[in-house]
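Each chain, letter by letter, is given below.
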Amino acid sequence: MMICEQVERRFQARGLEVVALGGVSLEIERGEFVVIRGPSGCGKSTLLLTMGGMQRPSAGRVVVSGRDLYAIPAAERNRVRSQEIGFVFQLFHLIPYLTVRENVLAGIPSGEEQKGASVDELLGRLGLTGRAGHRPGTLSAGERQRVGLARALIKKPAVILADEPTGNLDPINAAEVFWHLAEFRRGGGTVVVVSHGEDAGAHASRTIWLRDGRIVPGEEARTGVAT
Amino acid sequence: MRILRLIVAELNYHWVNTLMGVLGLAIAVGLLVSVRMTSQASERETRRVMRDMGFNLRIIPKSTDMDHFWANGFSDQTMPGETVKKLAAQRGVFVSFNHLTPTLEGRIELGGRMVWVTGIGETIVSAVDGRQPMGFRIKPGEIFMGWAVAQRMGVKRGGSVELGGKRFQVERVLAEGGTDEDVRVFLALKEAQSVLGQPGRINEIKAIDCLCLTADKDPLAMLRKVIETALPEARVLQLRTLADARAKQRQMAERYARLMVPMVFVVGLVWVGVLGWLNVRERRVEIGLWRAMGHGSGRIAGLFLGKAALTGLVGGLMGYALGTWVALRFGPGIFQVTAKGLVPEAGLWVRVALVAPAFAVLASLIPTMKAMGQDPAEALRAD
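Just so you know, the protein sequences line up as chains A and B, in that order. According to our numbering, the first sequence is numbered sequentially starting from 1. According to our numbering, the second sequence is numbered sequentially starting from 1.
It cannot be assumed that every hint is accurate.
Which chain B residues stay away from chain A? Per the calculated CB distances, all over 12 angstroms, these [as the list claims (entries may be wrong)]:
#: 1; residue: 167
#: 2; residue: 224
#: 3; residue: 237
One-sided excerpt, in silico: chain A residues whose CB lies under 10 angstroms from chain B [claimed, not checked]:
#: 4; residue: 49
#: 5; residue: 50
#: 6; residue: 72
#: 7; residue: 75
#: 8; residue: 85
#: 9; residue: 87
#: 10; residue: 96
#: 11; residue: 105
Hints are computed from structural coordinates only; laboratory data are not their basis. Cβ atoms here follow ideal geometry from the backbone N, Cα and C, with glycine treated the same way.
Could you build all of it, start to finish, from the sequences and the hints given here?
Spelled out as structure tokens, the structure:
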């Protein structure tokens with residue numbers, strides 16, 4: 001499903017070379033729930049964005065569903081992102097001028113609306129029916145993240161990449177978000193979650209530890225949570 | 001989701017940015033529209049004032065004795081009356097000359113004293129611009145009398161005088177002008193030809209030059225070149241004071257427009273560009289998000305350029321209304337002679353509706369390119 005081969009990400013900051021990712025190799029199978037953990041600044045978000053075709057690596061390959069993301073043209077990469085990858089962010093990143101319903105619909109590429117799950121059904125499943133006409137500014141943090149989740153789910157992606165999805169939520173809302181991610185996995189989807197907390201571990205089929213841009217050997221664990 | 005819906009929703013949400021953009025464009029367009037309308041009014045006013053000042057070109061027979069001409073005020077030589085039609089029929093004459101008026105001047109005894117008689121024929125104007133012929137129109141049997149002549153003879157409007165054995169009704173007594181017009185009488189050309197004993201002849205074509213050249217160019221040389229080709233049997237004299245006043249006024253109006261228009265353009269470009277830049281900065285995360293959802297540069301460009309075009313359209317039309325209102329409200333007080341000529345220019349709003357959005361799009365190009373080139377990962381990462 002997803003393969004990272006010796007992925008490196010280096011950049012210059014104030015004349016010094018910073019190694020965000022120092023040769024990460026990783027393979028994720030369809031239906032896995034992978035949690036990437038590690039301290040702040042260890043490269044978790046960089047790895048996630050690189051896996052999602054959002055940040056070109058300095059070296060190495062990222063293959064999604066058999067396609068080398070950074071070897072294909074930008075338009076095709078966009079297509080992979082729009083059809084197969086759903087993102088969920090810590091800061092929700094909802095579009096402030098659109099309603100909840102419109103924010104969710106924005107997750108579907110133009111012209112492919114019929115392929116998306118029913119927005120009303122999805123809003124109902126996530127407990128947002130009564131909020132469909134509201135703008136993000138009037139929602140609670142938990143509601144905002146559920147809208148972010150709905151936006152990722154609406155296009156029925158193959159994989160959801162979630163960057164600290166519960167970082168701004170209380171435990172109850174965090175648990176609800178993970179429950180929905182686990183539900184997506186039960187439906188055959190793949191989930192990759194970046195987290196520095198422990199709350200994601202309960203749902204993980206595998207946890208990968210990252211430190212200084214590298215996977216920590218021997219600390220990769222299969223949790224064996226039932227699918 | 002339709003891009004127009006996104007643009008309208010964003011314009012509504014970031015209403016301060018929208019308002020600033022629309023107002024900026026409305027003021028810029030309003031300035032340009034009002035300047036254009038008042039400039040045209042100013043030109044009309046100048047043309048009318050200059051027309052009231054009289055002709056500035058005198059086309060006389062080439063063989064004229066210039067000593068006689070300057071001593072007596074008219075040429076001692078004559079040309080056929082059809083000469084004016086011949087001149088008017090020449091290709092390109094109206095580029096340099098307009099209001100071609102055939103005249104015959106001479107001196108004749110009236111009430112025991114010699115007066116100047118001027119016979120005035122039909123004025124020929126360029127058929128293209130549809131201007132009204134300037135100067136007097138005198139009907140047969142009527143006479144216009146200079147102020148000093150009328151005073152001396154004790155004649156008033158409605159009275160009659162005998163001239164060259166023929167009686168004329170005084171149709172008008174001219175106001176005191178302080179010029180030689182005060183001691184002239186004016187007749188229809190045919191009757192002047194009759195009383196002066198020069199049937200079918202003229203000795204001058206009066207005209208106005210249309211060149212309005214700058215001081216470093218010599219308009220007289222150009223006029224003479226035209227006459228040399230069109231009417232080799234004639235020569236042209238230019239009343240420089242009038243011609244220069246006319247040219248300078250027009251040049252001043254052009255200089256004013258040359259200063260104002262680019263200034264408004266540059267200020268408008270910077271204003272819209274800066275607002276666009278701020279909008280791009282404010283929407284960094286949104287841009288990253290559209291990228292994350294698989295949208296390409298086309299969507300990003302469409303969002304920003306579409307917004308610019310819509311803002312330009314609304315601001316432009318508001319500016320057209322504002323500029324027209326300003327010109328119509330304050331113009332008549334400034335341009336009192338031609339106040340009625342101040343009317344909304346037909347079709348200008350269509351040009352505004354096309355140009356203002358294009359202008360706003362141009363001003364937003366750099367911010368849009370910035371948005372398209374932005375690294376989405378930088379905007380979306382939480383740490």
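Comparing the hints with the structure gives:
| no. | hint | verdict |
| --- | --- | --- |
| 1 | 167 | holds (87 angstroms) |
| 2 | 224 | holds (68 angstroms) |
| 3 | 237 | holds (72 angstroms) |
| 4 | 49 | holds (4 angstroms) |
| 5 | 50 | holds (8 angstroms) |
| 6 | 72 | violated (13 angstroms) |
| 7 | 75 | holds (6 angstroms) |
| 8 | 85 | holds (8 angstroms) |
| 9 | 87 | holds (5 angstroms) |
| 10 | 96 | holds (6 angstroms) |
| 11 | 105 | holds (6 angstroms) |
Checked against the numbered hints given earlier, the structure breaks only hint 6 and satisfies all the rest.
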